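Asker: Given the structure of chain A, go ahead and fit chain B onto it with the hints provided.
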Amino acid sequence: MKEPTCIREGEIIQAVKTEIWSDELRSHIISCPFCQDTILIARSLNEVSDQTLLMARPPDSRLIWLRAKITRKQKQLLWFELLNQAGFILISLAIAICFLIWKSPWFIWTRIERAISGLSQWIFFSSSTTFFVFIITMFIVWLIAKETIQANKST
Amino acid sequence: MIDESSFRTFYESTAKKLWSYIFRVVGNSDLADDFLQESYFRFLRAEKEEELEPRMKAYLYRIATNLIRDYWRRKKRERSWQMEETRLQEIGPEDKSDRSEIVNEVFRKLTPQYRSLLWLAYVEEYDHREIASILDLRERSVRVLLYRARKKMMELIQSGPTGARERL
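Keeping their order, the protein sequence lines are chains A and B.
If you want our numbering, it's the 1-based position in the first sequence plus 16.
Mapping the second sequence onto our numbering, position 93 (from 1) lands on 74, and the numbers just tick up by one.
Only chain A is shown next, with the shape it has when bound in the complex:
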């Protein structure tokens, strides 16, 4: 369906706002029912708009600016904090792994060797010292991860 329209609609809306009507536009209106309706609608809506503008009491722009500024700062801080914590976890893990290798190098190498040779039955903790070191390391990692998650939640 082709909706009736008029190429002079824009000019009419402008004229309604400015109240400047050329003779040519006036004579066009007489022969164009679409523009007659446009005038009616535009005029009445603009009148309502003028009245609504009087009712508008927008807040001070500084309030919105400050709110946005605070949110932006919080976002930056949160990212910084997250990066900090991620770095801390990675460093802690690296230290833990280094500690494990340092304390029981044979344990790691044996496992790597066995994994490579494809042995299905691995012997896990062949000595109590290795087991103890492993448990301590896991406990430290768990403690750090827990603290980090809690810190994130509170942020």
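No wet-lab data here; the hints were simulated from the structure.
Quick caveat, the model's predicted, so the values are computed rather than measured.
Beta carbons are placed, not taken as given, at the ideal position from N, Cα and C, and that holds for glycine.
A few of these clues could be false.
[Claimed, not checked] Below are the BS3-like pairs computed for lysine-lysine, each with C-alpha atoms no more than 27 angstroms apart in a straight line: (1) K85/A to K133/B; (2) K33/A to K90/B; (3) K132/B to K33/A; (4) K133/B to K33/A; (5) K90/B to K(-2)/B; (6) K(-3)/B to K85/A; (7) K89/A to K29/B; (8) K133/B to K90/B.
[Said to hold, decoys possible] Covered stretches of chain A, going by a simulated chain B footprint (3 or more residues, C-beta under 8 angstroms): (9) 58 to 69; (10) 82 to 90.
[What the hints assert, rightly or not] Residues from chain A that face chain B, not an exhaustive set, calculated with beta carbons under 7 angstroms: (11) I29; (12) D53; (13) A72; (14) P74; (15) S77.
Answerer: The following block gives chain B in isolation, referenced to the frame of chain A:
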């Protein structure tokens, strides 16, 4: 990004008009206050490069329209945005002229989507392409919907109180 003084200038030239648009579409001054603040806040949060005012204004109207649409969606009344009539809040003593009473009555019988279309086209003077971008519609759809909105408004004026058309 826009600096504080540019924002203030932009805000002062657009805030009242945006409030009027929101108020006329949602029909509630408290909601209009909230949506106004939220629109500017999101506008600033988007951290867009400073552009010419008309483009920034169109972007702002788009944010506001999305907020209004989300509001209807949240209320599980998405159909209301397109189909149903909603009551506009009673408005202040400034708005009691004979002519505006008729227009208010007619306007409150339109769907929010029609109100939005008519306001953007005849008050804010946006063309079809700009309205399409603000309302997230196709240009062709805007033409059709705007025509229907006009038709509906004219029908309501014709069927309104005797002589409503003449009084307008």
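Asker: Take the hints in turn and mark each one as holding or not.
Answerer: Right, here's what the structure says about each hint:
Only pairs whose Cα atoms come within 27 angstroms are accepted, and K85/A paired with K133/B is rejected, the gap being roughly 44 angstroms. For the hint pairing K33/A with K90/B, the CA-to-CA distance comes to about 25 angstroms; that is within 27 angstroms, so the pair holds. Restraint check for K132/B and K33/A: the C-alpha separation of about 22 angstroms stays at or below 27 angstroms, so the hint holds. Taking the CA atoms of K133/B and K33/A, the gap is near 23 angstroms; set against the 27 angstroms cutoff, the hint holds.
At roughly 22 angstroms between alpha-carbon atoms, K90/B and K(-2)/B fall within 27 angstroms of each other, so this suggested pair holds. Restraint check: the Cα-Cα separation between K(-3)/B and K85/A comes to about 23 angstroms, which is no more than 27 angstroms; the hinted pair holds. In summary, the hint linking K89/A to K29/B is supported, as the alpha carbons are separated by about 17 angstroms, within the 27 angstroms threshold. Between the alpha carbons of K133/B and K90/B the distance comes to roughly 9 angstroms, so the proposed pair stays at or under 27 angstroms and holds.
With 11 residues bearing a CB less than 8 angstroms from a CB of chain B, the region 58 to 69 of chain A meets the requirement of three and the coverage assertion stands. Here the region 82 to 90 of chain A counts 4 residues with a CB under 8 angstroms from a CB of chain B, which clears the bar of 3, and the coverage holds. Interface restraint check for I29/A: the shortest CB-CB distance to chain B comes to about 6 angstroms, inside 7 angstroms, so the restraint holds. Contact between D53/A and chain B, as hinted, is supported at the beta carbon level, the nearest pair being about 6 angstroms apart and thus within 7 angstroms.
With 7 angstroms as the threshold, the beta carbon of A72/A comes within range of chain B, its nearest partner Cβ sitting at about 4 angstroms, so the hint holds. Among the interface hints, the one on P74/A holds; its C-beta lies about 4 angstroms from the nearest C-beta in chain B, closer than the 7 angstroms criterion. For the restraint placing S77/A at the interface with chain B, the shortest Cβ-Cβ distance is roughly 4 angstroms, inside the 7 angstroms limit, so the hint holds.
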